[in-house]
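Engineer: Here is how the chains run, residue by residue.
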Amino acid sequence: MTKPFRTALSWTIPTLFVLFYALWMKLHLPQPYYAPELRQILWDRPTGIITQGWYGRVLMVAITSIVLGTVVAWGISRLKNAAWVRFGPWLAAAAALLAMIVSAAHEIGRWML
Amino acid sequence: MSTIATSTSVMTWELTWARPLLLIHAALGFGLLAICVHVLWFAWRGTGKNAAWRARRYAAIAWPMYIAAFVTGALIYPAYMVTVRKPWLEANRPAMVGWFEIKEHWAALGLVLAWGVWRYFRKSEKDDVLTPDRTFSRGVAFLALLATICVLINVVFGAWIVMVRSVS
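One line per chain: the protein sequences are A and B, in this order.
The first sequence: position 75 = 926 (my numbering), numbered continuously.
The second sequence: position 161 = 163 (my numbering), numbered continuously.
The shape of chain B in the complex, shown without the other chains:
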């Protein structure tokens, strides 16, 4: 407990900005989920020119949005550690700590999957890779699906933890 007390006395700006950052993080998360569903939808619809254009547009929004959500989450993490996880969650709800850690891992994995999908669609028009190759386009759609699942899990578990105990 003494380590936590020391941390809270040192972590001034993290604790001050934790709640505003959490709101931004949550808004980005929900927005990102909506965008990812759009990318998935148009990626799944295949190789038509309109679908490809839309998928590229949405993927171009999703990738920077993902980075912003990731960075805000990383900034909140120290405050979560000293005000939620260490003093309360580990003792009372250890399973929730596990779910939160899974969410964090999947956020990192989803980030690079979103990059792959964005890069694919960004290059697709110039390089003419969106040829009607069903195996390839379905593979990219599956990557988009996994990225969407990662974001969905992050939104659900993130909201769940906040409902139980939020940073203060």
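In isolation and in its complexed conformation, chain A is listed as follows:
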């Protein structure tokens, strides 16, 4: 594996994205599009009917995971032992599975119980 940094990017960004996506609400992090005045500027629609917070959440999660994922990938690519690269996709898959379960459990609790 001659380019550990670029290889690591393939799974650091997805790992952080899915984790932040699932935990963003629980971490009480901001969702900028919820601000009514900003919503009026960006999208002239009545408030209260469109759940625009979701778009803001995806945007913030994407930006955060790209920035942090690049830093993390660069950091671990500097390590002398490259054995970690082999397990990267498994880490991303485990994080994705967790995010799928957390998001599904949230909606099941909200709408079905």
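Misleading hints may appear alongside valid ones.
So the derived list for chain A, only partly shown, Cβ under 7 Å to chain B, looks like this [said to hold, decoys possible]: (1) Ala943; (2) Ala955; (3) Ala956.
To list a few chain A residues with every Cβ distance to chain B over 10 Å, as calculated [stated by the list, open to error]: (4) Val923; (5) Ser928; (6) Asn932; (7) Arg961.
In short, the hints are calculated from the structure, not lab data.
Even glycine gets a Cβ: it sits at the ideal position worked out from N, Cα and C.
Go by the hints and put chain B onto chain A.
Structural biologist: What follows is chain B alone, placed relative to chain A:
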């Protein structure tokens, strides 16, 4: 109900284009599912040169197709909200709202997983990362499996909701 009435009077182009966009969205969804199964199949077959080449080709189609399906879905969402979910679904079939929301979450998760798989295969040839490392290639195949599951759930629940109540 008054908020819904206000919304439908304001949302002109969303309601006009909702059905054509829904058709495009559905076609992209079914096509994407087929492509994802191909990516999964060739990713699972391992590190042979032919399998890797095919996986890379299919992943290169899957990723932009996923974006197109995602964007068309996002464009339909306001119309779905004011013509299906708020006036009818929440009152009559609340469980279906839950399934739809799960589908939406998994669509976002699957999008980034598809990106990871596409990027891996795109870089694999140049960087020679497709060395016969079973742990690594199986991990990427598992990512492809999760992305395929996300797309499958989206297609199934999307089609189910449309059969019960479609945007108008």
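Engineer: Look at each hint and say if it fits the structure.
Structural biologist: Tested hints:
| no. | hint | result |
| --- | --- | --- |
| 1 | Ala943 | 6 Å, holds |
| 2 | Ala955 | 5 Å, holds |
| 3 | Ala956 | 9 Å, violated |
| 4 | Val923 | 14 Å, holds |
| 5 | Ser928 | 12 Å, holds |
| 6 | Asn932 | 15 Å, holds |
| 7 | Arg961 | 7 Å, violated |
In this structure, the hints that do not hold are numbers 3 and 7, in rising order.
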